[in-house]
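Asks: In case you want the letters, here they are:
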Amino acid sequence: MTYKIVSKKELAPTIKMFEMGAPVVARKAKAGQFVILRIKERGERIPLTIADANPERGAITLVVEEIGKTTKELGRLNEGDSVLDLVGPLGNPMDIRKYGRVVCIGGGSGVAPVYPLTKALKKAGNKVTSIIGAKTRELLILEGEMQETSDEFYITTDDGSKGHRGFVTDILRKLLDEGKQIDLVVAVGPVPMMKAVADTTKPNKIRTLVSLNPIMVDGMGMCGACRVTVGEKTKFTCVDGPLFDGHLVDFDELAARRQLYEPEEKRALKAYEEKIGGADDS
Amino acid sequence: MIARQPMLEHDPRERIRNFDEVALGYDAERAVLEAERCLQCENPTCMKGCPVNIDIPGFIAHIKEGNFDLAIRKIKEKNHLPAICGRVCPVKDQCEKFCVLAKKGEPVAIGNLERFASDYEWKKGVEIPRKAEASGKRVAIAGSGPAGLTAAADLVKLGHEVTIFEALHVPGGVLTYGIPEFRLPKKVVEREVEYIKRLGVDIRTDMVIGRTITADELLRQGFDAIFVGTGAGPPQFLGVPGENLGLVYSANEFLTRVNLMQAYEFPEYDTPIKVGKKVAVIGAGNVAFDAARTALRLGARDVSIVYRRSEEEIPARIEEVHHAEEEGVKLRLLTLPTRMLGEGGLVRRMECIKMSLGKPDESGRRRPIPVKGSEFYIDTDTVIVAIGRKPNPLIQQTTEGLKTTSWGTIVADDFGQTSRSGIFAGGDVVTGEATVIEAMGAGKRAAEAIDRFIKQRKKH
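Here the protein sequences line up with chains A and B, keeping their order. Using this note's numbering, read the first sequence as starting at 1 and increasing by one per residue. Using this note's numbering, read the second sequence as starting at 1 and increasing by one per residue.
Don't take every hint at face value.
Simulated crosslink set (DSSO-like; lysine-lysine; CA at most 30 Å straight-line) [as the list claims (entries may be wrong)]:
id	chain 1	residue 1	chain 2	residue 2
1	A	K270	B	K278
2	B	K278	A	K235
3	A	K275	B	K274
4	A	K4	B	K278
5	A	K275	A	K40
6	A	K235	B	K274
7	A	K4	B	K187
8	B	K274	A	K266
9	B	K354	A	K233
10	A	K40	B	K403
Listed below are several chain B residues computed to face chain A (Cβ distance under 8 Å; list not exhaustive) [stated by the list, open to error]:
id	residue
11	L168
12	I213
13	G233
14	G246
15	M261
16	D270
17	K274
From the derived model, a few chain B residues whose C-beta atoms are all more than 12 Å from chain A [claimed, not checked]:
id	residue
18	R17
19	V126
20	E161
21	L219
22	F223
23	E268
24	P315
25	R317
26	T338
27	E362
28	P370
29	V371
30	V385
31	F415
These are calculated hints, taken from the structure and not from any lab test. All C-beta atoms, glycine included, are put in the ideal place defined by N, C-alpha and C.
Generate the whole structure from the sequences, applying the supplied hints.
Replies: Structure representation (structure tokens):
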């Protein structure tokens with residue numbers, strides 16, 4: 001069995017959105033869960049968050065940021081192409097209920113995994129404030145979708161090309177300083193961003209959930225490649241998470257473990273780019 | 001009297017540079033010679049050591065006569081995966097242990113002969129046995145490891161429609177992701193899985209029962225029974241400080257990267273793997289030795305097994321311990337790691353403590369006791385933790401009314417019947433980590449019970 005790309009959209013120059021035909025996964029998927037995907041016979045298994053699920057169409061939506069060989073290879077696939085394996089939904093769904101005022105924060109391609117959570121929280125009757133951030137305006141994704149599901153909406157860019165110039169935590173701090181009642185913060189993005197968000201809310205003891213993104217292999221709890229330290233206990237992100245209490249996560253350890261294969265990843269990417277170098281990208 | 005025929009093996013100095021199978025098997029001449037050693041006992045004791053009850057003297061007699069076709073047919077009456085069992089069964093603790101010749105000398109090499117018969121058949125072309133008439137009943141099997149494959153083959157031969165659901169992208173379970181190529185070539189596993197498919201079993205990969213679909217949903221969709229053979233799951237760690245440093249692997253991750261993902265062929269294959277020069281493997285079961293020998297083949301210079309008990313208690317297959325020692329794997333016995341120390345996020349040293357052995361514990365093995373003040377350090381740049389695994393928890397967590405033990409294994413009787421009618425279980429998910437052949441035995445007994453269960457059920 002293979003899994004067909006039903007549609008493809010470019011969200012940013014290096015971020016692509018795919019709708020994949022996967023009826024059994026679509027039927028089961030809940031906000032916060034992910035899939036493991038393998039493109040081809042010699043491919044690796046990579047985790048991708050389910051950004052949306054449409055059981056009627058038998059499809060799920062995945063957002064892919066091209067950062068290495070596999071994601072680049074995936075980014076070059078088009079509507080009608082297929083991938084070899086797609087398994088899921090994996091991980092625990094988020095406990096969606098009425099919390100009150102929720103702040104949803106997405107950084108870079110992390111907006112994609114925060115989007116289904118935002119949508120579900122809004123639907124459950126929460127007041128939602130969203131903050132999305134990127135390095136520059138070209139890298140902002142799902143802006144319309146996020147705005148639509150939020151009562152309050154902020155954009156930040158590192159270079160100030162759109163919205164507030166600075167970081168997502170600047171806005172979060174401002175909201176806290178204004179004395180706004182916040183019942184829950186959900187943050188997904190690069191490790192330093194999630195760490196900064198957790199550090200910002202910790203003094204106020206505002207419950208803060210982060211969706212962790214360690215290296216994974218099987219994604220079903222069989223190997224522990226994705227283990228993280230949460231509240232001094234070892235947890236497997238794929239089965240105990242991916243959402244954890246941000247105030248308890250050892251982010252430095254997570255960052256170190258994520259870099260483990262950096263030289264190999266660079267080598268694989270370089271070899272791939274040389275191989276496709278002559279190929280026409282259009 | 002003829003001496004037990006040794007198998008030809010690759011030279012240790014050569015073989016640690018590749019993943020080729022170490023043991024080369026018998027040729028026909030050697031097989032016949034070895035078969036002649038069998039005394040053809042009237043009350044064969046060897047059979048009671050075989051969890052799937054193969055007619056051992058029966059198939060050996062056929063080999064002795066040079067009738068290899070009849071030999072493999074005899075084996076396959078009971079065992080669908082002889083190429084695998086002939087390679088990985090701990091025969092010294094099973095059939096060969098009960099061989100009468102073992103009392104005075106070397107037992108008949110039953111495992112080697114089984115392997116010979118199956119490899120012979122493969123070269124010649126595999127025969128597909130006739131199936132019973134279609135029963136119109138459907139059985140779902142969760143997991144395509146040894147237990148699931150065996151149950152599936154037995155059930156499909158009885159005329160039932162069988163679908164295996166496998167979570168990974170390749171079937172075989174531990175045979176595929178766990179046992180390395182040099183001990184069990186993947187093409188051997190593939191050919192046995194191919195045989196099961198040709199019997200008529202449908203195998204669906206990328207399906208996680210408990211996540212993608214639950215056991216109850218399968219029952220509602222019209223499956224008459226389910227067999228749970230999901231095996232062992234999450235690896236255990238020591239729980240010592242520093243265990244999450246870089247290049248501290250679970251054996252499962254290490255072996256999955258190498259065996260399932262073929263990381264040893266990176267970058268032709270996309271999954272990377274990394275080993276340093278000095279590798280410490282914690283534990284001394286088969287998995288530990290597999291990991292140690294794999295590390296050597298990935299280029300490690302110095303590989304040691306770190307075990308808290310003594311050589312006598314090593315649970316791994318003796319043959320593999322010998323192979324490992326021949327290849328240069330060192331044993332550091334009576335040693336327990338207490339802390340891992342790193343540099344730049346990577347493991348660099350292990351603090352260990354010496355152990356002494358006390359009185360036997362519940363497992364019957366002498367209990368290791370730390371020797372006060374004996375702390376010392378081992379320099380290492382890669383650690384592989386192979387101290388066992390917990391049972392796979394997914395189906396237990398998502399199936400109402402399925403009884404489990406405090407350890408997380410599914411409660412089932414000898415025939416795999418669980419606390420839920422229509423749900424059967426067997427293999428490591430019931431017993432905890434055990435052997436391939438024990439899982440196959442459990443699959444076989446469950447298949448019998450499932451057959452009885454679905455035939456008794458009223459037609460709906």
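Asks: A separate judgement is required for each hint: does it hold in the structure or not?
Replies: Results for each hint:
1. A/K270 with B/K278: holds (29 Å)
2. B/K278 with A/K235: Holds - the C-alpha atoms of A/K235 and B/K278 are around 27 Å apart, at most 30 Å.
3. A/K275 with B/K274: Holds, at about 24 Å.
4. A/K4 with B/K278: violated (45 Å)
5. A/K275 with A/K40: Answer holds: A/K275 to A/K40 is near 17 Å, not above 30 Å.
6. A/K235 with B/K274: Holds, because 23 Å separates the two Cα atoms, which is no more than 30 Å.
7. A/K4 with B/K187: This hinted pair holds, its Cα atoms lying about 29 Å apart.
8. B/K274 with A/K266: Holds, at about 14 Å.
9. B/K354 with A/K233: Cα-Cα ~26 Å, so holds.
10. A/K40 with B/K403: Violated, because 39 Å separates the two Cα atoms, which is more than 30 Å.
11. L168: Holds, because the Cβ-Cβ distance from B/L168 to chain A comes to roughly 7 Å (cut-off 8 Å).
12. I213: Hint holds; B/I213 Cβ to chain A Cβ min 6 Å, cut 8 Å.
13. G233: holds (6 Å)
14. G246: holds (5 Å)
15. M261: holds (6 Å)
16. D270: holds (4 Å)
17. K274: holds (7 Å)
18. R17: Correct as stated: the minimum Cβ-Cβ distance to chain A is 21 Å, above 12 Å.
19. V126: holds (24 Å)
20. E161: Holds, since 18 Å exceeds 12 Å.
21. L219: holds (16 Å)
22. F223: holds (15 Å)
23. E268: Violated, since 6 Å does not exceed 12 Å.
24. P315: holds (21 Å)
25. R317: holds (22 Å)
26. T338: holds (16 Å)
27. E362: Holds, since 26 Å exceeds 12 Å.
28. P370: holds (22 Å)
29. V371: Holds, because the least Cβ-Cβ distance between B/V371 and chain A comes to about 27 Å, which exceeds 12 Å.
30. V385: violated (9 Å)
31. F415: Answer for B/F415: holds, closest chain A Cβ roughly 27 Å.
Comparing the model with each numbered hint stated earlier shows that hints 4, 10, 23, 30 do not hold.
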